[in-house]
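Read off the chains here:
Number of protein chains: 2
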Amino acid sequence: MDAELNLKLAQLLRARSTAALGTLHDGAPFVSMVPYAIAGDGAGFLIHVSKLAAHTKDMIAEERVSLLISQAEGGDTSPLALPRITIQGKAGAVSRESAERAAYRAGYLARFPDAEPMFDFADFSLFLIRPVTARFVAGFGQAHSLTGESLMRLVGAP
Amino acid sequence: MDAELNLKLAQLLRARSTAALGTLHDGAPFVSMVPYAIAGDGAGFLIHVSKLAAHTKDMIAEERVSLLISQAEGGDTSPLALPRITIQGKAGAVSRESAERAAYRAGYLARFPDAEPMFDFADFSLFLIRPVTARFVAGFGQAHSLTGESLMRLVGAP
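One line per chain: the protein sequences are A and B, in this order. Following the working numbering, the numbering of the first sequence begins with 147 at its first residue and continues without gaps. Following the working numbering, the numbering of the second sequence begins with 147 at its first residue and continues without gaps.
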């Protein structure tokens, strides 16, 4: 991808607040909405989820997940040509003892301040989704494949 | 759900143009963006997809899919509390010989007029997703389960 496309993708990922998370649920795909933050160390995408929720149990049983982040509908862009990216990745809980957790928590809360009370609930955890591959559709018929590494490199620090 | 919630859900489904489609891809979840229309006969949700696309091959191999439709980000609503619905359903191609196809095509094109040229491409097909179960999250901590039948009844004709 050229510099203009890289910038377009980085701006999309920084501008949006929510993603569609695909998990494997009883052998079938299951898609739920998750607010996300970009990990400050470039390791991946952070979500904050309840152990009581279906998607969390799904991620614990099967680490392979998918994230879709799409440009907002509306404006001049046809719904058929909305820029969006599908990220295939691996999800894992961020342990309360891990060295990264404090920075991840701060980064998530900088983006979603009203999530703070939920960090006191024992059943909520941060999960990190590490991208493995991604497919960026920049517009109609404009699809580009990326590795997880190149995706995180171009997204950079939040 | 009460009448107010039913209306809120029907309005959400009618107001949005795109959904996140979850398919099973090499045993893992895969989420892609799809414009959707509500079938005029209340049978389900219509999407128009290319046989060359990963999600189409996935649906042919495994009919179980998931659709997420979320309220737009922004406004007064926290990203953590955005109303959204996850629909677990079964996808199948609408055959070119089926009695419903002309009405489905017209309904889809009424919503997405710029998709018309793609109806001339041999590799594009309409798929109907019939809801089996659904989970509507109307706001923070407000989750409601529905059957596919009750969902389509309350959505009604487009």
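Heads up, a few of these hints could be off.
Identical chains share a label here; the pair holds if one copy fits it or two copies do between them.
[Stated by the list, open to error] For lysine to any residue, the following SDA-like pairs were computed, each having C-alpha atoms within a straight-line distance of at most 20 Å:
(1) 154 to 198
(2) 236 to 173
(3) 154 to 256
(4) 203 to 223
(5) 197 to 261
In short, the hints are calculated from the structure, not lab data. Note that this is a predicted model, so its numbers are computed, not measured.
A quick look at each hint next to the structure:
1. 154 to 198: neither (36 Å within a copy, 25 Å between copies)
2. 236 to 173: Intra 17 Å, inter 14 Å, cutoff 20 Å: intra and inter.
3. 154 to 256: neither (23 Å within a copy, 31 Å between copies)
4. 203 to 223: Result: close neither inside a copy nor across copies, 37 Å intra and 27 Å inter.
5. 197 to 261: Intra 15 Å, inter 41 Å, cutoff 20 Å: intra-copy only.
Consistency with the previously given hints fails for numbers 1, 3, 4, ordered from lowest to highest.
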